[in-house]
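Colleague: Listed here are the chains, written in short residue letters.
There are 2 protein chains.
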Amino acid sequence: MKKTVIVFFVCLYCSLLSLQAIVVPSTNKTRLNDGWQYIRGDMGSVWEVMRPAQPGKPEFVPLWTPVTLPHCFNAEDAVDPDVNYYQGPGWYKTALSIDNPYTNGRILLEFEGAGQRTEVYVYTTKVGEHTGGYDGWKVDITEAVEAFRQTEVCQKQFKGKIPVAVRCDNSRDTEIIPSDMSDFNVYGGLYRYVNLVYVPEISFDRIRIEAHTDEKGKNGQLLIHTSFYNPEKKETALPLSIRIKDPQGKEVYTQTLSQPWLRDTELVRISLKKPGLWDVENPQLYTCELTLGVDGQSIQAKEQFGFRHFEFKEKGPFFLNGRRVLLKGTHRHEDHAGLAAALTEELMVQEMQLIKKMGANFIRLGHYQQSDIILRLCDQLGILVWEEIPWCRGGLGGESYKEQARRMLTNMVEQHHNHPSVILWGMGNENDWPGDFNTFDQQAIRAFMKELHDLSHQLDNSRLTAIRRCEFCKDIIDVYSPSIWAGWYSRAFRDYAEMSEKGIQGTTRFFHAEWGGDSHARRHMEGDFAHVSNAATKGDWSESYIIRLFDWHLKEQEKMPLLTGSAFWTFKDFSTPLRPENPVPYVNQKGVVERDQTPKESYYVFQSYWSKEPMVHIYGHTWPVRWGEKEEKKEILVYSNCPEVELFVNGVSQGKKKRDSQDFPAAGFHWYVPLIEGENTIRAIGSDKKNSLIIDEIKQTYQTQKWGKEAEISLTATPLENDQVWIQAELKDAAGVRCLDSRQYIEFSLAGDGKLIQNQGTSTGSYRVQSYNGRACIKLERKGKCVVAVKSDKLPSIFLSIE
Amino acid sequence: MKKTVIVFFVCLYCSLLSLQAIVVPSTNKTRLNDGWQYIRGDMGSVWEVMRPAQPGKPEFVPLWTPVTLPHCFNAEDAVDPDVNYYQGPGWYKTALSIDNPYTNGRILLEFEGAGQRTEVYVYTTKVGEHTGGYDGWKVDITEAVEAFRQTEVCQKQFKGKIPVAVRCDNSRDTEIIPSDMSDFNVYGGLYRYVNLVYVPEISFDRIRIEAHTDEKGKNGQLLIHTSFYNPEKKETALPLSIRIKDPQGKEVYTQTLSQPWLRDTELVRISLKKPGLWDVENPQLYTCELTLGVDGQSIQAKEQFGFRHFEFKEKGPFFLNGRRVLLKGTHRHEDHAGLAAALTEELMVQEMQLIKKMGANFIRLGHYQQSDIILRLCDQLGILVWEEIPWCRGGLGGESYKEQARRMLTNMVEQHHNHPSVILWGMGNENDWPGDFNTFDQQAIRAFMKELHDLSHQLDNSRLTAIRRCEFCKDIIDVYSPSIWAGWYSRAFRDYAEMSEKGIQGTTRFFHAEWGGDSHARRHMEGDFAHVSNAATKGDWSESYIIRLFDWHLKEQEKMPLLTGSAFWTFKDFSTPLRPENPVPYVNQKGVVERDQTPKESYYVFQSYWSKEPMVHIYGHTWPVRWGEKEEKKEILVYSNCPEVELFVNGVSQGKKKRDSQDFPAAGFHWYVPLIEGENTIRAIGSDKKNSLIIDEIKQTYQTQKWGKEAEISLTATPLENDQVWIQAELKDAAGVRCLDSRQYIEFSLAGDGKLIQNQGTSTGSYRVQSYNGRACIKLERKGKCVVAVKSDKLPSIFLSIE
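Residue numbers (the working numbering), protein chains in the order written: chain S, 1 to 803; chain E, 1 to 803.
Check the hints yourself; a few may be wrong.
Given that identical chains are not distinguished, each listed pair holds provided it fits within a single copy or across any two copies.
Think about it this way: if two alpha-carbon atoms lie no more than 30 Å apart in a straight line, the pair counts; the simulated DSBU-like pairs of lysine-lysine are [what the hints assert, rightly or not]:
| # | residue 1 | residue 2 |
| --- | --- | --- |
| 1 | K138 | K302 |
| 2 | K755 | K785 |
| 3 | K785 | K732 |
| 4 | K538 | K502 |
| 5 | K126 | K402 |
| 6 | K689 | K159 |
| 7 | K502 | K57 |
| 8 | K474 | K57 |
Hint data in this document are derived by calculation from the structure and do not stem from the laboratory.
Isolated chain S, as found in the complex (with noise of 0.2 Å):
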């Protein structure tokens, strides 16, 4: 019997590294990433921006910035401990060459998204404007490029550049969605990106794909239709030709029409004989080419699209293609570390694949449209799609309030219409909390919610609506996701299974959106949480409990048979304005990896129960010291997907077990063991059905001492690379003993060369931090000497001296 041994590294990002360059950038199509300056606040006028201004000289301030897009006003301040996020007007600037190859062709600005209300100008002249924050709009600008060509301080002061300005205004306001009262910042800033686009005199608008199959995949009816940008409403007739391509890449279908387009057209109206399914397992995606020739010259597009069956059966379960799929779900919201909002394509890129190799094959986009980069990639990995709009909490506004709500609807679908990936369209959330008005009037709110649902079902009547928690409108929907958080905000995660019937039983098509509980990363704790409920306010946070909360989850969903499958909230911790106070300030941290996509224990719990890619993990990684007696068996829990697992301590076999997903926890691998004072290595090696090993490995300390209250801090610097250092803080009591259990609140600062690396929202980013097992750990950039200070609660001060 050959063995092949795999050992299995916390670095999951170089793999999967398949997936092609996913967005655009064609030939007609640039994204405007570079060149542009920022101001936080507002200007008192668009000349005010475009006025010249030497240096020294009052039209030279307030300062610009350079920034680089995506942007976001937020990026630090959303996790500062110290400051409300900033929430107001801001402006952007460039100049733009601009040499449009069309002959009488257009020039847009294309904004995938920007938060919140914008306004976009060509040197004074306002262009166009937008309110709402996630769905993606376009500016014509091509009468304004010319008029202010014609001026003379087009050579003079930009040099035949093209000055654009962008004001982009994130103030509160409760007259516009999502509310304040949203449990995530509502951002502000060019926070995804902005294209400067080319097109002919006549160009494609909205491609519309609708491509259908019954479950058993053995007839695929395919529709496309398109409208057309014709803004001088030329009748000239020109060649359409359009090209179908199978997800071989073989073409099935090819045709070439020419006539005048001005107004919505139906292009391909065909039957496929089986066509290549996409499925969650196998995505495949067909594609399909549109190419218009304007006087001897072509724009092209290019969609993809793909063909499956989706059927939430009422009482459930789910089906996908004809076979039963349990939903097993995350949610996302556009937020990172260092960024906020402004993420970029590389790095939506690695988060998706890491949210794949959890094993995931749904998500639900909570709260709002996001970019259309992430669809594709769901598309591309097999990801089923809940997106929503962001009507979430407070109540319901005024006439402005709804139309917005309205056009945000129409856009979401209408822009992602064509994604295989999607299947539920979500009217809102938690629409049944009060607050942003003098006035709470659940009737208008219902009259809302079936106006949405009808205009989703008028817009797209191949996907269903959803929304969660909002019980007195679950009768509205399609599908509904009650509020069950067994173990968090009520009750006992053992409660989940009762508490999850009685969901299914009230509800029509039933989808539990949203559990789980916040974690502080590198928090564990002894014991085995047998009787913790309510753990929002009554538990440790650690990620002890946590791994458990999960786990018993995810037992108990394998034997619900009627389970559509749920969505766990969330995948990656993210910045809230509502949680001042949490261990890492203003961060929600319910996600299984953090805010920089630092995977937690969690992580593997996960991908335990769902990957099919082999894997094995001891869990620990992030606890340098355990406590106990002398001589105590401590329990060692191996998280796998594997078969069978044998567990070795300091090199003595603890024997092997079998997997059993019913033996709570970790399936079966856990074993009772006693550790020796001092370092222990643990070693667990995973055998895959193929009879690969599969070898996981850590060092843990074993500590015996008691500990007494705090009485000093300790401090270690360990340089890494690029001229970073690692700083821990331990708390210790007056004997010098580790206090394991500590959770006080440790601070960071700095003086002389060098910086923190803090406001990242995570538990080694942040100045101000709880510690986790009595101790905290951040990095700082050195650019010189510094000394970092350390302080917690009343304990004196400790300093260490970087050179």
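Fit chain E to the supplied structure of chain S, relying on the hints for placement.
Modeller: Structure of chain E alone, referenced to chain S:
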């Protein structure tokens, strides 16, 4: 001959405490200083401000900060080297206990000034708004309070108190004045007192007192007009008694009238023989008490006024009460270290006393209407006033802009009309400066200037109009100041007389506003600066240069018979957004006292020319180390108004000198004396006209060692009171010799339990500051152990531990 020895201290605050508490807090008026909460940024609606909010709930964020009024948004950030100062909205909220003693009375909120656009709410009802950051205004909240008392929330949520919210907004806006091109911050916040005022159903509105006299003071004419606040138009006849007291408190007129009080009424028209005159030497004030009886209750108003006669002769000079007075003036902004515009009355008293003690008899309140407290102080101290509206730079906006200017002129004249100190109403400043608009139309500016001039005379024909620096408008107004900055922005200070003469010749009524230059406090240089010109760009910004510039001007002004007077720019260093690169970042350093009122050396130069109180001041109190060759004779300057001063160096008399204002520098009190290497004791003894002796003494080190390039930083800490520590950094060359002419920037940072007292806008209160003679200082507040780090350019940083 009996001699009294008076040692003259730097501490000037302690003296002159005889001024009474000046502002009203009478029984029916309460300053609302305490119990406020503040938030920087906008709220989503006033409901968001008022709704119930429990800690930990979404309604509880954003977090409010408790503040005391007066309060300015920009107390810290105006001089933070790293940020643009905040310009945007901010909210204040409080809950008032309201108990109006008057039956059927009115409840008013009085704002003495708020920046820059303000809205006022009682609970969620908007009760008033105002645009303009410097004029006073009132809001009648009677009905809103009554209505709120009828609601359930009044008792339930607010326990019977009345919730009040105020939204201030200092957002940039080219359509409001002052322009953001102004060389001062357009501050935000409730930076002047807010008062709760109770009045009966009929009360006084505006009391207008006209007190005139001929230039000999033989006949006084007194006219008193009153308008009434009678919102319900009650026609009941009510008794109104009038009492007028002369400066000695003797009643000179009494009368009681009884009639309905609905419209403007002339209450008094009398003549007074030889009234006690208000003069800069003896500012005698009359008092007028008006008492209105309403339904058995009464309300009293008390106004002070004075009789005086002034005249600006064409081509000069200026006469007050028939005698030539040289106007010895300065300027004032509402700005102070650590507070920005939010000065307390106590600080205003200190500041105006310091100005009087310097010998000034004139002040231009540039560039806006200031607190009424300042005007009262000017009345009491005998300081003539030019007060102006903030039409300053940028051009001319549209109708709402102009309407604001008219309104602010009207309010300034009406609100400050009764102050005898006021002689000039300013229409604008530097209105020849374009920039806020795409166009700049001199004719439109002329037309609007004429309109304002006419409006001013229509409102108050007893004062003249004035502007500074707008040549194309100088024929429109009464008194004009061209721009003359001899030795600073153009030419050399020795050209002052010639430049000024040209101004007098080219102007009908000439006054010289704004002259002087920047000096970086504590920077001193050897040399006589004989050939310096255009020092703003080419000079060293030392105190040594600026004292000579001031000295020269003052000596010249003494022999200019046609000069009405001048006002140097400016008394106190102040914050400006236009000067991020200044030695103290963002500070206009043209003051003779620092932004915290610490006198620079130049303060004493003025005092030596202007003050009559005997004083002696050796130049160099903040110059610890002088330098030069061995046995070189060094110039020692003594500023004194004594007829004779004797100088002692290291105990040896260097001879007596007689004061001769035309013997530059220091009016003849200059000596050339060799100093010894190391410490020298320099003592000057002046004798005043009564033969009292006034002594000043300093110790100065003399350094003959030459220094090279800056190579290291040395650092010392000196404990002060209240757990503060004085930190001094010095730049030294490779041999450890002090680099006494270094101007390199020095930056302080701190880690641990303490904080730097920074963002003060002073030479010793900025974490980044240009060194003065190779040194820089800062204070810190110690709360435990901390470490201070200092860096300067590329030198190795240095650290000092503070236990």
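Colleague: I want to check one pair: K474 and K57. Are their C-alpha atoms no more than 30 Å apart within a copy, between two copies, both, or neither?
Modeller: between (61 Å within a copy, 25 Å between copies)
Colleague: With 30 Å as the alpha-carbon cut-off, assign the pair K785 and K732 to within, between, both or neither.
Modeller: Result: close both inside a copy and across copies, 27 Å intra and 19 Å inter.
Colleague: Check K126 against K402 for me: Cα-Cα at most 30 Å, and say if that holds within a copy, between copies, both or neither.
Modeller: both (25 Å within a copy, 25 Å between copies)
Colleague: Can you tell me if K502 and K57 fall within 30 Å by alpha carbon in one copy, between copies, both or neither?
Modeller: This pair counts as between: shortest inter-copy Cα distance 28 Å, intra-copy 70 Å.
Colleague: Within a copy, between copies, both or neither: which one fits K138 and K302 at a CA-CA cutoff of 30 Å?
Modeller: Intra 18 Å, inter 65 Å, cutoff 30 Å: intra-copy only.
Colleague: Is the C-alpha distance from K755 to K785 at most 30 Å within one copy, between copies, in both cases, or in neither?
Modeller: Answer is both: 11 Å inside a copy and 20 Å across each meet the 30 Å cutoff.
Colleague: Tell me, please, which holds for K689 and K159 at an alpha-carbon limit of 30 Å: within, between, both or neither?
Modeller: Classified as neither: same-chain Cα gap 67 Å, cross-chain 71 Å, threshold 30 Å.
Colleague: Is it within, between, both or neither when you check K538 against K502 at 30 Å Cα-Cα?
Modeller: This pair counts as within: shortest intra-copy Cα distance 25 Å, inter-copy 82 Å.
Hint 6 from the earlier list is the only one contradicted by this structure; the remaining hints agree with it.
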